[in-house]
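K.L.:
Chain order of the listed sequences is U and S. Count the first sequence with my numbering and you get residues 14 to 285, in order. Count the second sequence with my numbering and you get residues 14 to 285, in order.
One should not assume that every hint holds.
A pair counts as met if it fits within one copy or between any two copies, since identical chains are not told apart.
Unchecked claim - Mimicking DMTMM-like on lysine to aspartate or glutamate, the simulated pairs with C-alpha atoms at most 20 angstroms apart in a straight line are:
| hint | residue 1 | residue 2 |
| --- | --- | --- |
| 1 | K184 | E161 |
| 2 | K83 | D93 |
| 3 | K83 | E49 |
| 4 | K83 | E47 |
In short, the hints are calculated from the structure, not lab data.
Protein chains: 2
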Amino acid sequence: MDKLTLFKQIQEKKSFLCIGLDTDLHKIPKHLLEYEDPIFEFNKQIIDATKDLAVAYKPNTAFYEALGAKGWQSLARTLDYIPNDIFTIADAKRGDIGNTSRLYAQAFFDRMNFDSITVAPYMGVDSVSPFLSFEGKWVILLALTSNEGSQDFQMIQSGDGKPLFQHVLEKSQEWGSANNLMYVVGATRGEFIAEVRKIVPDHFFLVPGVGAQGGSLEEVAKYGMNAHCGLLVNSSRGIIYASDGEDFAQVARDEARKLQAEMEELLQKFCK
Amino acid sequence: MDKLTLFKQIQEKKSFLCIGLDTDLHKIPKHLLEYEDPIFEFNKQIIDATKDLAVAYKPNTAFYEALGAKGWQSLARTLDYIPNDIFTIADAKRGDIGNTSRLYAQAFFDRMNFDSITVAPYMGVDSVSPFLSFEGKWVILLALTSNEGSQDFQMIQSGDGKPLFQHVLEKSQEWGSANNLMYVVGATRGEFIAEVRKIVPDHFFLVPGVGAQGGSLEEVAKYGMNAHCGLLVNSSRGIIYASDGEDFAQVARDEARKLQAEMEELLQKFCK
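Only chain U is shown next, with the shape it has when bound in the complex (with noise of 0.2 angstroms):
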């Protein structure tokens, strides 16, 4: 999928909502056990409930590998179920060597057919070259994040000033397009975002942070648009665990509606 594809099913769907398939057996209702899948079925559910409304999904790898094999079968089934024109995006924060990195491309983009796959920067241009090389997919590269930790060494400052999520967003546009290439980051602090912007003009970001983390949407919107909108906002347990009882997809789509709505409004304000 092209940037251009993305943008115009935003249009269509008056969104720019992702989705987190976050999917956890302690927390999906209860009577989802009794299936033979339960992930899956739960996925399902909530995929055939907002389909409409979502421009993306992204299931979290950590919650599938936690059930070994099973959970990767749960993952493959996930993603074959999704629907073609929605864009999907591994959150896996690979990076690895060269040859290592080809496997795990192979693994997501080949093998589960992933649009997109999260990728931490830490080794550099040969960690995520090798997703880079895959026609149509695209990297999503850890920039700036929003947890706490992201002050560690995101926010270390070089001798000429800048701080090292700035050298990595300026390094990896050596590497990749606008058209291959997203950042991950983090909706804590708006003005951060609109820093990330002055740098990275037209490249698209994921937002995690909104909702469960604290971060206010139109802030995001505000700060962090551009005329292809730009974004794609990540919401995770605030949809898919709004109820555990048996109306959890009809009230996980509520939720996914009032997020639409508001960013229906936001796009009308801040993308132009």
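Based on these hints, arrange chain S on the given structure of chain U.
P.N.:
Just chain S, lined up with the frame of chain U:
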């Protein structure tokens, strides 16, 4: 496993060899493809042939993930097969916000009983600490890697003249001790290992990059060894793919034996 137990095994085997189980269906001997689980069968024969020479085994998780749920099963079977007194490393380079890192830790420490996992530092304290809270388990944190891309960010100097990898070494020592935290330190340049050893006198280093990647074992020992050895030196392809015939396990043993013999001399010379 604690540091002294690991050192005791190093003394008994006169070896600090870690064997990388980067097991690839396209590279293993053809006759193994008849088995129901060729990946496990290959690992089993390699382990049988080398377990008196190696103090650690390090499966690279990418090779298993590339095979989907089946690969994940081969990995779990391999872990069950490795004798309990040998240190096991999940070379997974994980790292995510707290609740996600906790799930990765469960996947590798509880479900598969690995002794340790490699972790990427970019997201800081709350991405690393969840792994450190598992009693008797280890984090092996990426510090200075041996690949070309290590130059991109790891060597960036902050205002006070310290490269990023030094910040990672110093900061992370607040999070764990020499009994649950090791570092990945590349072997491509001896003088860097000496520098890292000055900053971190007591911790173990996992050293990739000897053999196929070109580092010198003698230099690594000279600059990196401490009174408890403090080194696990990995070799993958140079051992496990030394032959692709029916004699692969015996030839792997011969290669491991050569490295062990060299290590025995280096322990006598530098471990004091």
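K.L.:
Take the hints in turn and mark each one as holding or not.
P.N.:
Comparing the hints with the structure gives:
| no. | hint | verdict |
| --- | --- | --- |
| 1 | K184 / E161 | between (24 angstroms within a copy, 14 angstroms between copies) |
| 2 | K83 / D93 | both (16 angstroms within a copy, 17 angstroms between copies) |
| 3 | K83 / E49 | both (11 angstroms within a copy, 18 angstroms between copies) |
| 4 | K83 / E47 | within (16 angstroms within a copy, 24 angstroms between copies) |
Taken one by one, the earlier hints all hold for this structure without exception.
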